[in-house]
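*Asks:* Protein chains in written order, with the working numbering: chain L, 1 to 366; chain R, 1 to 252.
Do not take every clue at face value.
Distance condition first, Cα-Cα at most 20 Å in a straight line; then the derived SDA-like pairs of lysine to any residue [stated by the list, open to error]:
#1 L:Lys200 with L:Leu299
#2 L:Lys200 with R:Ser113
#3 L:Lys200 with R:Met145
#4 R:Lys107 with L:Asn204
For the record, the hints were derived by calculation from the structure and aren't laboratory data.
Since the model is a prediction, treat every value here as computed from it, not as a measurement.
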Amino acid sequence: MLRSNGSCRSYILQPFGAGYPDLLQKFAIFGIFAIGFNILFGLTGYLSFGHAAFLGIGSYTAVWTFKLLSMNPLPAVLLATLLGGLFAALIGFISLRRTGIYFSILTLAFAQMSYNLAYSVLTPITNGETGLQLRQADPRVLDVAFGRDYGAVLPSSDLFGIGMTGYPGFYFCAAVLILCFYISMRIFRSPFGMMLRAVKSIQNRMNYTGLNTRPYALAAFVISGMYAGLAGGLLAVTDPLAGAERMQWTASGEVVLMTILGGTGTLLGPVIGAGAIKYFENIFSAFNESILLNTFNFLPETLQHAVVSIASLFVGEGWYLTLGALFMVIVIFLPGGLMEGVRRIGLVVKRKFGVGQDDNPPAPAE
Amino acid sequence: MASILSVQNVNKRFGGLKALDEVNLEIEPGTVHAIIGPNGAGKSTLLNCFVGRLTPDVGTVTFEGHSLIRLAPHEINQLGVSRVFQTPEIFGDLTLLENVMIPYFAKRDGAFSLNAWKPMAGQNDVRGKAEEMLADVGLGEKHAMVANSLSRGDKRRLELAMCLVQQPKLLLLDEPTAGMARADTNNTIDLLKTIASRGITMVVIEHDMHVVFSLADKISVLAQGYVIAEGAPNDIKGDPRVQEVYLGGAEI
Ligand SMILES: Nc1ncnc2c1ncn2[C@@H]1O[C@H](COP(=O)(O)OP(=O)(O)OP(=O)(O)O)[C@@H](O)[C@H]1O
Ligand SMILES: [Mg+2]
Chain L
1 MLRSNGSCRS
11 YILQPFGAGY
21 PDLLQKFAIF
31 GIFAIGFNIL
41 FGLTGYLSFG
51 HAAFLGIGSY
61 TAVWTFKLLS
71 MNPLPAVLLA
81 TLLGGLFAAL
91 IGFISLRRTG
101 IYFSILTLAF
111 AQMSYNLAYS
121 VLTPITNGET
131 GLQLRQADPR
141 VLDVAFGRDY
151 GAVLPSSDLF
161 GIGMTGYPGF
171 YFCAAVLILC
181 FYISMRIFRS
191 PFGMMLRAVK
201 SIQNRMNYTG
211 LNTRPYALAA
221 FVISGMYAGL
231 AGGLLAVTDP
241 LAGAERMQWT
251 ASGEVVLMTI
261 LGGTGTLLGP
271 VIGAGAIKYF
281 ENIFSAFNES
291 ILLNTFNFLP
301 ETLQHAVVSI
311 ASLFVGEGWY
321 LTLGALFMVI
331 VIFLPGGLME
341 GVRRIGLVVK
351 RKFGVGQDDN
361 PPAPAE
Chain R
1 MASILSVQNV
11 NKRFGGLKAL
21 DEVNLEIEPG
31 TVHAIIGPNG
41 AGKSTLLNCF
51 VGRLTPDVGT
61 VTFEGHSLIR
71 LAPHEINQLG
81 VSRVFQTPEI
91 FGDLTLLENV
101 MIPYFAKRDG
111 AFSLNAWKPM
121 AGQNDVRGKA
131 EEMLADVGLG
141 EKHAMVANSL
151 SRGDKRRLEL
161 AMCLVQQPKL
171 LLLDEPTAGM
181 ARADTNNTID
191 LLKTIASRGI
201 TMVVIEHDMH
211 VVFSLADKIS
221 VLAQGYVIAE
231 GAPNDIKGDP
241 RVQEVYLGGA
251 EI
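With the rest of the complex left out, here is chain R:
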């Protein structure tokens, strides 16, 4: 099957530090692909190269046949790629509802629309969609709150709702459960499973192995900018190199 996202030969240096070293990755459509690896392995850097925050020094990133190199972040999103960041990036001064309506408008009306005359009060369809989405991530009752007042875990779920409301083709998640209590983590896993079952392709960075093994169809292991192993969850579990590099020899 042709991959939805194809990463070839990507290198990225920060000064003397080689953050990504000859990374190759194929993401199959309709799968959940987990990227794991120790702190500083280059996982977030890799996602940054997918969404236009960083440009690789060498290499190509292709999404559904479009090269993403040098596209602006909003252009990449308009192609159908949404991302949850490692530190939640939300519209802190706005209400939860507005936070979710904005990405919906972006998807519906494009990167710019001078929609200055119709009142928000009349946008019942958009409002309904946003409320539904917030309820899905468990923030339904909080929809009128200002986003800054949320806990870290809730901010993460809000950001997830902001991505999901766009019905992206590819969803990039940078540690979607970090900072969440166990119960919330399990809810998030269930939610992500539901999304995956709708056929949305996902790339998930996670440290929590429980999350990784409940979701992933395929796992890539990154260490010091290198992909050291790749395969189905069970193969990765037993791979001695992974245990060596990633867990210092401990059992996963």
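Same shape as in the complex, but just chain L:
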């Protein structure tokens, strides 16, 4: 019994152990993706269901930059950000002619189009189902110009000699995350951020107040597209491979869930939401039947099999079922997301341990 508990606990704690820099990289990268998404959705209220397209475009751009220019991550993420923004400007310009559900559907349609194009017409660029990969024979003109030779092995991305896998890769992503968070904070607290919240509140009033709402919404869309492109670029930096599945609608939906789960419109919420989803995904999708059997082996055998067959619905491939349930619980009981939970706990703590007795309690209504 103790042993089985131990094995279960080790699965929960393992992600924070030494073997999991990959997961930490994902925390940072999807944190960036969600922060950017929140600038659009949290501030302006425009719910895009197609942001994975920009993530995918960022990845393809980064891999192409590796192939053609250099294995250094800086040009790769820079170009990924730019191209993410460029495509966002294009798609945003058209989609923002509509609001509400029609806007969402337009973005979804564009993303699915990109996804399908990546598998069909664009195979010369995307390498179709195999995905875009590095080859030893890639030109890498900048690397060649600077006399950088990777020898007879398949190169991996490195920042002036520091490899971008494992912990160094995580540190790089974390540094970018901090920068992205800082930029988002500046936007939130600027007059521009206030205008974006006004777009969400009532667009009509804005127009009659002398403000053109369209470029405000488009700017937010482009900025969030750049964040998505950057995140896609970082995915390729830590693992130089790009596939079209990154553009699929499930990936677009995931960033919506991350943002709502963490707390839409809050600064920190999306980072927490992204972390929470990637963390649980890691745990739940790692479980398989034999681990479950092992976990529940303290139960009588028939009961053990029953419990395992139910539990296995929620793990491995079935992890999305868990995510759905988790999401429903949060939306119903904590509509403001995890950040609202934090705030409520803060209030309770404040009330319990009082900010001093001289604080007058609110006067009772008469």
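Let chain L serve as the given structure and place chain R with the ligands on it in line with the hints.
*Replies:* Just chain R with the ligands now, with coordinates in the frame of chain L:
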């Protein structure tokens, strides 16, 4: 004197309903022009044609020589026309202070400005202007409240502050005192008088005759989309047609 707003031959139909029928109107600069008329007379429809919410089927609307037909609402506002709506339109999720700062930024920085790097906390001049404006309409202490939590009368005063902070050339007011208590109405009248004395031209739609006769330099009476009478307050008071159509024969 050349008029600041010139309305010529404006017609607007909604399906079979003729909401505006050959409306002509000249608003002189520096005056308060009241538009009165029974419910459904077409008063709000007329204002909608001034701010770009509606386009007249026929006719022209000219503000300081610019045709307003087919201009976008934000372009019309940038020319110097601000409007208070019949049902208050405010940024409900934002604080009162933000509600007033937004129009100020719009006036100062134009229809779009990517002012994304300077923190709001540093905008002390704008904040000061907005606080002053809120104090003027009597909402000074409430500046940190969320606009949605205001009473209807307060929302109206907030919307007025949002317009005034832009120092418009032409201020359009659609029933600015509806839903206000008597005392608030009198405060609003005083406030509007002060604004008028600064030379801002106003068009006021009002049902409250006390408000109309305390403010107006000139009155147009609208009934079923028609301007049936126009003139100084005293002429309108005595006009039998007005009493007939507007008040069913009762004394004003
Ligand atoms: N968007 C619209 N579509 C259809 N009919 C409309 C529309 N707006 C107004 N109307 C109709 O046009 C007529 C004039 O309406 P309007 O709102 O201009 O009247 P009003 O003089 O402002 O009345 P009130 O004093 O009640 O505000 C009314 O019969 C109204 O029902
Ligand atoms: Mg009306």
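*Asks:* Please list, smallest to largest, the hint numbers that this structure does not respect.
*Replies:* Going through the list in order, the structure violates hint 1 alone and respects the others.
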